[in-house]
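**Q** Sequences are here, hints too, so could you generate the full structure?
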Amino acid sequence: MTKTIADKLHLKNATSFAVLNADARHAHLLDQLPAAKRVAAGPADLVLLFADTFAQFEAQLPAAKAALAPGGALWVAYVKGTSKLRTDAGLHRDTLRAHAETAGLTSVAMIALDDDWSALRFKAG
Numbered sequence: 001m002t003k004t005i006a007d008k009l010h011l012k013n014a015t016s017f018a019v020l021n022a023d024a025r026h027a028h029l030l031d032q033l034p035a036a037k038r039v040a041a042g043p044a045d046l047v048l049l050f051a052d053t054f055a056q057f058e059a060q061l062p063a064a065k066a067a068l069a070p071g072g073a074l075w076v077a078y079v080k081g082t083s084k085l086r087t088d089a090g091l092h093r094d095t096l097r098a099h100a101e102t103a104g105l106t107s108v109a110m111i112a113l114d115d116d117w118s119a120l121r122f123k124a125g
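Numbering (the working numbering) for the sequence shown: 1 to 125.
Source of the hints: derived by calculation from the structure; they are not laboratory data. Among the hints, erroneous ones may be present.
Claimed, not checked - Derived CB-CB ranges, DEER-like: (1) A36 <-> E101: 27 to 37 Å; (2) T15 <-> K84: 30 to 40 Å; (3) T82 <-> A41: 31 to 41 Å.
Here a beta-carbon is modelled for each residue, glycine too, at the ideal position from N, C-alpha and C.
**A** See the structure below:
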């Protein structure tokens with residue numbers, strides 16, 4: 001059985017989620033998430049941040065952390081290195097992990113959202 005994106009993100013356990021930096025390119029992913037649990041702003045049990053470049057990730061990380069409820073999880077979605085959508089060779093799991101650690105976040109999981117997007121899950125502490 002194929003897992004849905006909601007399953008992969010562990011949304012079943014969350015009462016709310018917020019999405020940051022999404023645009024029309026992400027609609028096919030967001031359409032698979034339960035709209036009833038989506039909130040416009042935090043605090044949210046789960047925050048999904050889309051990043052196209054490392055600079056974008058770096059700039060958006062403080063807002064993503066601020067939107068998290070205590071004990072919440074931050075998912076950072078980024079373009080896979082094998083995708084034709086990729087524009088920043090400096091944005092990959094290792095650079096995301098290293099920078100997130102300086103912000104007090106620990107990487108705990110990695111998933112494929114689709115053929116073009118991967119996501120890393122972070123927890124505080």
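**Q** Does each hint hold? Answer for all of them.
**A** Hint by hint, here is what the structure shows:
no. : hint                     : in the structure
1   : A36 <-> E101: 27 to 37 Å : 34 Å, holds
2   : T15 <-> K84: 30 to 40 Å  : 37 Å, holds
3   : T82 <-> A41: 31 to 41 Å  : 34 Å, holds
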